[in-house]
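4 protein chains.
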Amino acid sequence: MNDEKETGRLEAFSDGVFAVAITLLVLNIKTDDANLWNQWPTLLGFVTSFITVGIMWLNHHRLFTHIRRIDTMLILLNLLLLMVIVFVPVPTALLARFLPEADQPNQIRMAALAYSGTFLAMAVLFTALWRYATYHNRLLGKRADIKAVQGIDRQYFFGPALYMVCVVLAWLYVPASLFMLLALAIFFALPGHALPQRGRAPKEYRPDEEYRSSGD
Amino acid sequence: MNDEKETGRLEAFSDGVFAVAITLLVLNIKTDDANLWNQWPTLLGFVTSFITVGIMWLNHHRLFTHIRRIDTMLILLNLLLLMVIVFVPVPTALLARFLPEADQPNQIRMAALAYSGTFLAMAVLFTALWRYATYHNRLLGKRADIKAVQGIDRQYFFGPALYMVCVVLAWLYVPASLFMLLALAIFFALPGHALPQRGRAPKEYRPDEEYRSSGD
Amino acid sequence: MNDEKETGRLEAFSDGVFAVAITLLVLNIKTDDANLWNQWPTLLGFVTSFITVGIMWLNHHRLFTHIRRIDTMLILLNLLLLMVIVFVPVPTALLARFLPEADQPNQIRMAALAYSGTFLAMAVLFTALWRYATYHNRLLGKRADIKAVQGIDRQYFFGPALYMVCVVLAWLYVPASLFMLLALAIFFALPGHALPQRGRAPKEYRPDEEYRSSGD
Amino acid sequence: MNDEKETGRLEAFSDGVFAVAITLLVLNIKTDDANLWNQWPTLLGFVTSFITVGIMWLNHHRLFTHIRRIDTMLILLNLLLLMVIVFVPVPTALLARFLPEADQPNQIRMAALAYSGTFLAMAVLFTALWRYATYHNRLLGKRADIKAVQGIDRQYFFGPALYMVCVVLAWLYVPASLFMLLALAIFFALPGHALPQRGRAPKEYRPDEEYRSSGD
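Here the protein sequences line up with chains R, G, S and P, keeping their order.
For the working numbering, add 1 to where a residue sits in the first sequence, where the first one is 1.
For the working numbering, add 1 to where a residue sits in the second sequence, where the first one is 1.
For the working numbering, add 1 to where a residue sits in the third sequence, where the first one is 1.
For the working numbering, add 1 to where a residue sits in the fourth sequence, where the first one is 1.
Just chain R, same shape as in the assembly:
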C-alpha cells in the first residue's frame, strides 16, 4: 500500500503534452506545393525534432518506471521540463527557415543557438528532476532496481556538459553542433546500463533490462 505508484496522472498529463507538442511539429510544413522535396529543410527539421522529442519521451518514460512517488517540487520540475518540450517546435521552425539562406549567417547562428540551447535546458531539467527524485531514494519505490538507477545516473552525469558543448559549437560551426545533437539523441535512446562501463565485464551486457527487471 505504501509503495503504490502515485505518478499515474502526472504521467498521463505529461504524455498528453508530449503528444501535442510532437504533433504540432507538422504545422511547420507548408502545403502550397505538391513537390515536398522543395522544402527539404523543413522536412528534415520535422524528422529530427520528432525523433528527438520522441527520445525525450522515451527517457521520461524510463525515469518514471523508477519514480513511484510525487511531491510538489517534482511536479514543478516536471512542468518546467514540459515547457521546454513544448518550446521545441519554435527553434525547429527557425532552423528550417534559415538553414537554406546561406546569405544570412547571423540568422543561422541565432537559430542554431536557440535550437542547441533548448536541448541544453532540457538536459539540465532532466538531470535536476532525476537527481531530486533519487536523492536518498526520496521518490523511488522500495524495491527500486539499483543497477538500472545507477545506469541512468552515469548516463545523465555528463548530459548538461555535453549539451553545453553543442551550444558552443553553434557559435563556432553550426553543422558540427547539429551533428552532435543527433549523436546525443541516439546516445540517450540507449538504456543507461547497456553502455560499456569501467570495471564491469562486457558479458553482462543486457539491453533494455530496466523494462524487465521488475519481474526478476
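Hints in this document: simulated from the structure, not taken from any laboratory.
Among these hints, one or two may not hold up.
Intra- or inter-copy, both count: the list cannot distinguish identical chains.
Below 20 Å or equal to it, Euclidean Cα-Cα: the simulated SDA-like pairs (lysine to any residue) are [to be verified]:
1) K31 with E102
2) K31 with I76
3) K148 with Y136
4) K31 with G118
5) K31 with P42
6) K31 with L44
Assemble the complex: chain R is given as a structure, and chains G, S and P must be docked to it using the hints.
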C-alpha cells in the same frame, strides 16, 4: 467497492484539455526572426501562462486526490473550469501583443483586465467545484484526509477575493496586477496545509503531506 | 474475468479526440484587438460549442459506464461519431462569422444548416452506437443497470427526430433553431432516468443515480 | 507478475498522438464561405483521411492487445510509425488542394504520390513493428492467442506490396490509386482471422473474436 474511485475518465479528459491548452500557448510565438529576444513580451507571456496553467493543473490534481465520486453537477462545473483554462491563450496573446505598445494604454488596460478576469473566473470555478464536492463530504472518499481537505478549504477561502483585487489593480496600475497574479500562482502551488496557520505549531510543518497521507 | 472492461483504450482515444476538438474551438478567437466584446459572436460561439461538445463528452462517458465490451463495428461507429465531434469547430466558426452580417441572410442560413446538421449527425450516431451496443445486451456487462439503460433508451429514442426539427427550423427561422439546439443540449445533460416518465411516481426522482447505482 | 502488461504508457502516448493528428485534419477546412459544398475536395479529404487514420488506430489497438512487453527497439519503431501518422494531414491537404485543378496534372500526381507513399511507409512500419514483437514471441504474453496472431500475420504479409501497387498506380492513373487505398483501408479494418483462408471451413467465421478470445 463502494469507495471505488469513479473519477478516472473525468481526470483523463481534463488532463487532455490541460495538455492541449498549455501546448497551444506556443503558437503565439512567431518564427520569422531567429533572434527570439526581439519578441521578449511574447516569450514572457508564454512562460508565465505555461507556469500558471501548470499550477492550475497541479491544483486540479490535488483536488481530485480527495474527490472520489462524480455526478452530473460536478462534471458541468469541471467543464466550465476547463473552458476558462482553454481560454487562457487568448488574454495571454493580447497582453504579449499590447504590453510593449506604450502609446496604447487603453489596449494594455483592456488586455490586463481580460487576463486578470480570466484568472478570477478560474478561482471562482475552482472554489465552486471544491465547495460542491466537499459539502457534507458529498463526493469525497470515506477515508478522506480531513486535515488536507481543511488545508485546501483555508487556501481557497480567499481565492476569489484575491483575484478580484487583481482585476481592480488592472484598472489602476497594470504592473501591480501582473505581479500579484504571479505571487498568487506561487501561493496556490504550495500545498494548503503547508501554509502557516493560527493555533498550530510551526514545528508540524510538513510540506506535501497530502500526497503521502494515504499511506499513513 | 469474462466481465472485464475492455473499453479502456477506446475511451482514452476518444477522450483525447474530445479534448483536442474542444480546445481547438479557441483558435477561432482573434487576438488583434484587446476589447474582446467587439467579437461577441465569436465568443458566444466558443462558449456554446464548448458547452455542447462538453455535454457530448458527458453522454459518451455515460454510455461507456454501461458498455463493457468492444468489437470492430462499435469502434467504427465510435470513429464516425468522433469525426462529427471534430467537425464542430467548422460550423461554429461559420455561424460566428456570418451571424452578425445581417445583409447576407443566405450565408447565415447555410451556416445554421451546417451547424444543426452537424448536431443531427451526432444524434444519429449516438443513437446508432447505443442501439448497436445494447441490442440483446451485446456489449453490456452482465450486471448492467437495467433501469439506467432504459432511461438512456427513452432519452435517445426521439433524439434524431428532435435534431431534424432543428435542421428544418434553420431553413425557416435561424434564431429558433439555435435556441432549440441549446435546449436540447441541456436536455441531454440530464441523466436519462432523472426525467419524468409516465407510470412512475415522481418521488422516485433520483438525479445522477447511474453514477452511483453500481454500489447499490 | 511476469506477464504483467507493460505497454500502458506507450499506448497512452500513442493514443494522444493519434488523437491530435486525427483532429488536426479539420484545420484544412476553410471557414470563409458558409456553403461547405464549394470545398467538397477538402471535405472528402477530411473524411477519407479521418477514417483511414482511425482504422490505423484500430490496427494499433489490435496489435497491442497481443503485445504485452516493450523494449527500446519497439518504442523506436512505434515512434517512427507515429511520425508517419502525424504526417498524414500534409498529403491530405495537398491532394484536396490540387485534385480539383485539372490543369495541373503534375501537381496532382505529386500529391497522389505523397499520399500513397505515406500509406506505404505506414504499412511497412506496421509490418516491421509486428514482426519485431512476434519474432519468437519476443514481446507477446505467455497466453497469446495463437490463432489471432496468425490471422494478423496473414493480413499483414502482403500489406507493403499492396501499398506499393498504390504508389505505382499514382504514377499511372490517380483515381485508381485513391480507390485502391480506400479498399485497403476497409480490408485492414476487418479482423485478420475473419478473412477467408485456405484450408479452413467458412463456418468457423467468427468476427472480432480477437477481442473476446481472452475470456475463452
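In rising order, the numbers of the hints this structure does not comply with: 2
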